[in-house]
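2 protein chains.
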Amino acid sequence: MDIQQTEKPWEYLEELIEAKDAARIRSFLDNTNPADTALAISRIDDDLVNNLMILLNPEDAAELIEDLSDTQAAEIMEDLEPSQAAAIFEELDSDHVVDILGEMDKDDANAIISQMNPEDAEEARQFLTYDEDTAGGLMISEFLDYRSNQTVQDVLEDLQNNREEYAEYDVQYIYITDSAGHLEGVLRMRDLLFPQRSTPLSKLMIRNPYKTIVTAPLDELRNFFEEHNLFGAPVVDQDNRLVGIVLPEAVEDAKQKKSVNQFLGLSGIIGGEEFRSMPVAVRAGRRFSWLSLNIFLNIIAASIIALYQDTIAAVIALAVFLPIVSDMSGNSGQQAAAVSMRELTLGLLRPHEFGRVIIKEASVGILNGIGLGLLLGGLVYLWQGNLILGLVIGLALALNTLLSVLVGGLTPLLLKMLKLDPALVTGALITTITDMGGFFLVLSFATIVLDKL
Amino acid sequence: MDIQQTEKPWEYLEELIEAKDAARIRSFLDNTNPADTALAISRIDDDLVNNLMILLNPEDAAELIEDLSDTQAAEIMEDLEPSQAAAIFEELDSDHVVDILGEMDKDDANAIISQMNPEDAEEARQFLTYDEDTAGGLMISEFLDYRSNQTVQDVLEDLQNNREEYAEYDVQYIYITDSAGHLEGVLRMRDLLFPQRSTPLSKLMIRNPYKTIVTAPLDELRNFFEEHNLFGAPVVDQDNRLVGIVLPEAVEDAKQKKSVNQFLGLSGIIGGEEFRSMPVAVRAGRRFSWLSLNIFLNIIAASIIALYQDTIAAVIALAVFLPIVSDMSGNSGQQAAAVSMRELTLGLLRPHEFGRVIIKEASVGILNGIGLGLLLGGLVYLWQGNLILGLVIGLALALNTLLSVLVGGLTPLLLKMLKLDPALVTGALITTITDMGGFFLVLSFATIVLDKL
Chain A
0 MDIQQTEKPW
10 EYLEELIEAK
20 DAARIRSFLD
30 NTNPADTALA
40 ISRIDDDLVN
50 NLMILLNPED
60 AAELIEDLSD
70 TQAAEIMEDL
80 EPSQAAAIFE
90 ELDSDHVVDI
100 LGEMDKDDAN
110 AIISQMNPED
120 AEEARQFLTY
130 DEDTAGGLMI
140 SEFLDYRSNQ
150 TVQDVLEDLQ
160 NNREEYAEYD
170 VQYIYITDSA
180 GHLEGVLRMR
190 DLLFPQRSTP
200 LSKLMIRNPY
210 KTIVTAPLDE
220 LRNFFEEHNL
230 FGAPVVDQDN
240 RLVGIVLPEA
250 VEDAKQKKSV
260 NQFLGLSGII
270 GGEEFRSMPV
280 AVRAGRRFSW
290 LSLNIFLNII
300 AASIIALYQD
310 TIAAVIALAV
320 FLPIVSDMSG
330 NSGQQAAAVS
340 MRELTLGLLR
350 PHEFGRVIIK
360 EASVGILNGI
370 GLGLLLGGLV
380 YLWQGNLILG
390 LVIGLALALN
400 TLLSVLVGGL
410 TPLLLKMLKL
420 DPALVTGALI
430 TTITDMGGFF
440 LVLSFATIVL
450 DKL
Chain B
0 MDIQQTEKPW
10 EYLEELIEAK
20 DAARIRSFLD
30 NTNPADTALA
40 ISRIDDDLVN
50 NLMILLNPED
60 AAELIEDLSD
70 TQAAEIMEDL
80 EPSQAAAIFE
90 ELDSDHVVDI
100 LGEMDKDDAN
110 AIISQMNPED
120 AEEARQFLTY
130 DEDTAGGLMI
140 SEFLDYRSNQ
150 TVQDVLEDLQ
160 NNREEYAEYD
170 VQYIYITDSA
180 GHLEGVLRMR
190 DLLFPQRSTP
200 LSKLMIRNPY
210 KTIVTAPLDE
220 LRNFFEEHNL
230 FGAPVVDQDN
240 RLVGIVLPEA
250 VEDAKQKKSV
260 NQFLGLSGII
270 GGEEFRSMPV
280 AVRAGRRFSW
290 LSLNIFLNII
300 AASIIALYQD
310 TIAAVIALAV
320 FLPIVSDMSG
330 NSGQQAAAVS
340 MRELTLGLLR
350 PHEFGRVIIK
360 EASVGILNGI
370 GLGLLLGGLV
380 YLWQGNLILG
390 LVIGLALALN
400 TLLSVLVGGL
410 TPLLLKMLKL
420 DPALVTGALI
430 TTITDMGGFF
440 LVLSFATIVL
450 DKL
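Going line by line, the protein sequences match chains A and B.
Going by numbering that gives the first Met the number 0, the letters in the first sequence line up with residues 0 to 452, in that order.
Going by numbering that gives the first Met the number 0, the letters in the second sequence line up with residues 0 to 452, in that order.
Keep in mind the hints are simulated off the structure, nothing from the lab.
A quick note: this is a predicted structure, and the numbers were derived from the prediction, not measured.
Heads up, a few of these hints could be off.
What the hints assert, rightly or not - Calculated cross-link-like contacts (lysine-lysine; reagent style BS3-like; alpha-carbon spacing at most 30 Å):
{"hint": "1", "chain 1": "B", "residue 1": "105", "chain 2": "A", "residue 2": "256"}
{"hint": "2", "chain 1": "B", "residue 1": "415", "chain 2": "A", "residue 2": "415"}
{"hint": "3", "chain 1": "A", "residue 1": "256", "chain 2": "A", "residue 2": "210"}
{"hint": "4", "chain 1": "A", "residue 1": "254", "chain 2": "B", "residue 2": "256"}
{"hint": "5", "chain 1": "B", "residue 1": "7", "chain 2": "A", "residue 2": "415"}
{"hint": "6", "chain 1": "B", "residue 1": "257", "chain 2": "A", "residue 2": "7"}
{"hint": "7", "chain 1": "B", "residue 1": "256", "chain 2": "A", "residue 2": "256"}
{"hint": "8", "chain 1": "B", "residue 1": "257", "chain 2": "A", "residue 2": "254"}
{"hint": "9", "chain 1": "B", "residue 1": "105", "chain 2": "B", "residue 2": "254"}
{"hint": "10", "chain 1": "B", "residue 1": "256", "chain 2": "B", "residue 2": "418"}
{"hint": "11", "chain 1": "A", "residue 1": "256", "chain 2": "B", "residue 2": "257"}
{"hint": "12", "chain 1": "A", "residue 1": "415", "chain 2": "A", "residue 2": "210"}
{"hint": "13", "chain 1": "B", "residue 1": "254", "chain 2": "A", "residue 2": "257"}
{"hint": "14", "chain 1": "B", "residue 1": "105", "chain 2": "A", "residue 2": "210"}
{"hint": "15", "chain 1": "A", "residue 1": "415", "chain 2": "B", "residue 2": "257"}
{"hint": "16", "chain 1": "B", "residue 1": "210", "chain 2": "A", "residue 2": "415"}
{"hint": "17", "chain 1": "A", "residue 1": "210", "chain 2": "A", "residue 2": "257"}
{"hint": "18", "chain 1": "A", "residue 1": "415", "chain 2": "B", "residue 2": "254"}
{"hint": "19", "chain 1": "A", "residue 1": "254", "chain 2": "B", "residue 2": "7"}
{"hint": "20", "chain 1": "A", "residue 1": "418", "chain 2": "A", "residue 2": "105"}
{"hint": "21", "chain 1": "B", "residue 1": "418", "chain 2": "B", "residue 2": "254"}
{"hint": "22", "chain 1": "B", "residue 1": "418", "chain 2": "A", "residue 2": "7"}
{"hint": "23", "chain 1": "A", "residue 1": "256", "chain 2": "B", "residue 2": "418"}
{"hint": "24", "chain 1": "A", "residue 1": "418", "chain 2": "B", "residue 2": "256"}
{"hint": "25", "chain 1": "A", "residue 1": "257", "chain 2": "B", "residue 2": "415"}
{"hint": "26", "chain 1": "B", "residue 1": "415", "chain 2": "A", "residue 2": "254"}
{"hint": "27", "chain 1": "B", "residue 1": "254", "chain 2": "A", "residue 2": "254"}
{"hint": "28", "chain 1": "A", "residue 1": "415", "chain 2": "B", "residue 2": "418"}
{"hint": "29", "chain 1": "B", "residue 1": "418", "chain 2": "B", "residue 2": "105"}
{"hint": "30", "chain 1": "B", "residue 1": "257", "chain 2": "A", "residue 2": "418"}
{"hint": "31", "chain 1": "A", "residue 1": "7", "chain 2": "B", "residue 2": "254"}
{"hint": "32", "chain 1": "B", "residue 1": "7", "chain 2": "A", "residue 2": "257"}
{"hint": "33", "chain 1": "B", "residue 1": "418", "chain 2": "A", "residue 2": "257"}
{"hint": "34", "chain 1": "A", "residue 1": "257", "chain 2": "B", "residue 2": "105"}
{"hint": "35", "chain 1": "A", "residue 1": "7", "chain 2": "B", "residue 2": "7"}
{"hint": "36", "chain 1": "B", "residue 1": "415", "chain 2": "A", "residue 2": "7"}
{"hint": "37", "chain 1": "B", "residue 1": "7", "chain 2": "A", "residue 2": "418"}
{"hint": "38", "chain 1": "A", "residue 1": "105", "chain 2": "A", "residue 2": "257"}
Bound-form chain A, shown alone (with noise of 0.2 Å):
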């Protein structure tokens, strides 16, 4: 059977993996690159998996779980023994495997972890108590270090016998520690090039290399390689023992999840990524979770609507508009919490900087609120041929757009404030206020002007 003739891949690896047969998986996997690999792994049965993971070596299995997420890893791990889990974590990365780790249930993390060899597990544990977005957290425990008195000719002699294994390590440098471990210094890799081979290291290291502790949050990290074009940086304890590097890859990555997590809450995707291939329990219940918050945040907001029924009543033209200024309203306000959000990202706005956001989006909201004002009273006055209910929805949307901007843009600045995360709640509060006004300044307008419509 030919890989390319098959209109889907996974379907040719469930007939391999049915087949057991070992030696085609492993072509067939060496053959697909990981994003596909990925995909077809999304798509065959949770039991399959678990067979194709048995089938193959702890090692090429450990190659395959590298080309998938953490959360697709996590779900493979906790369905196998521990003991096979375990063999197949000791060819992986630190901090890869701390990543998976993490995603677990802690009972199967645990089972694992005391299954594997006591130095693996000491540091598993180890690493598992930082914080995912701290240095700690990100490092990998895959670096390079010698003592100052050995030589150019030490290093490259360790370099050449231990190739292979070095060959997997990410690293551009090599570090200088003390017998005890305390950081001493640092060198690039090219600074071996030139020097005389009997040069013993104290004389080429650079002294007091830039540094960051295991406790250096994310947006430590980011500064701290934006300002410093580092390949990595050594990573130590509150003694200033050297324990892991970081990668500015790996700072990257984190920074882009946690945008990309933000991101997905305003969209109603909350509690990490959704792929399809999850169960559909879990899927189901966490869109439900906040759809239900919205429920009763609506009710609220119909609340204002329900106390102008008379008003309705008198002019039914009224319940068409209603959610038309209910939706522009929201849209308003998700465009300026878009920014909000975006600026504190990058850190262009500051959680306290309340009054640039007020001005910045008032002069927005003002501009905005007049032309949408204009066009939906225009088009009103255009379809009901009634000049006063222009009137009245026009300046109601104008009104509420410079109120939806202003709302919209602090909210996600106030939610930083209180230490919430933005991305839960903010598009739900947001348009229940925002609801609450437009609903409230077109009744209240109307029930003013009642007699002339």
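Position chain B relative to chain A; hints supplied.
Showing chain B alone in chain A's frame:
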């Protein structure tokens, strides 16, 4: 004046610019990290920024430009004399120059290019012809190439002699080309560590190296770097001539930019990122163009309500619940759309897989439709004490939730198949269709049981 004590560092910078104190400005910029520099520049008046650029020599100005986003940089460069902008560009990386030129007005860009030295101008013109999201648009022209008959010693001498220039090069490989520039092989820097210095490169180089063609699109480049764990890839033209190298970071950045723009589009921010430092006319105008489209779509949706005015006149309470059904349906649709857009971006879903989305969303839609229908229907019954009204609203929301997740899930696929940018219209389109569905279901059900309401 101590920077640490100043509440707002940009006010200090403004004072320095007004005092024309170039030395202190340089020291301020040297001691400020890039994120804070970008923040400060975004807060300073355009005129003062212009003065600042004139005060700095081209090298320092280029360093400042490197700290800014392309949009921010383009705005500043447009305001400078072309000859001055050209001098600054000559200090920047080629890909950065092209990114900034690409953000500019064409006339402004050409005026600057014509002031650059002929070689750089030719390169900039050539680079600008490449599509932004292709290898040509992402590559840099700074790479090291040698002939295959040169020796390790030749390379080491050249590296030594041009240390300073090459120190700026962000490359881990050297390339071997023939005299006409055709790519013949590649060598990792560290491969130069061990061999005899007299060895010719032809004996060491990896022949037929992995490479990409200038026209390779972003998705292909991502797969390339996921498959081959490289620090950079040579980019060749149709004739296999080496024209640049593309770094995995550039590919990641481009991917992230695309993903951010997509998310922003879903929140109604179109035409690229918006920052509050942009002129109010630009910000208001771009937001307005999206909002005004939404007004027309909203009117279309609301016309359904107009058809049922008699029903509403008979049961005014319906006016209270129409906006709730409209909001909730929009939310459900938005969630499904966000998942589809994310899966498409990550390659976990292909644009033609309508069947998969229908099956996966229908299951969520049925579960959440029942849940939300029961919840809202129950609340309506409790509030209004009218069981039939509760049934009408609950059933309409249940069915419309199913409709909304299907429409929301499928719209991004449909737009992608039609080669339209999902970011621009997904949100607006989904809201319109789901609103129409919701209004129709509520009002037609109500009309059927009108005598019992």
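TODO: Check each numbered hint from earlier against the structure, then list the numbers of those it violates in ascending order.
DONE: 1, 2, 14, 16, 28, 34 and 35
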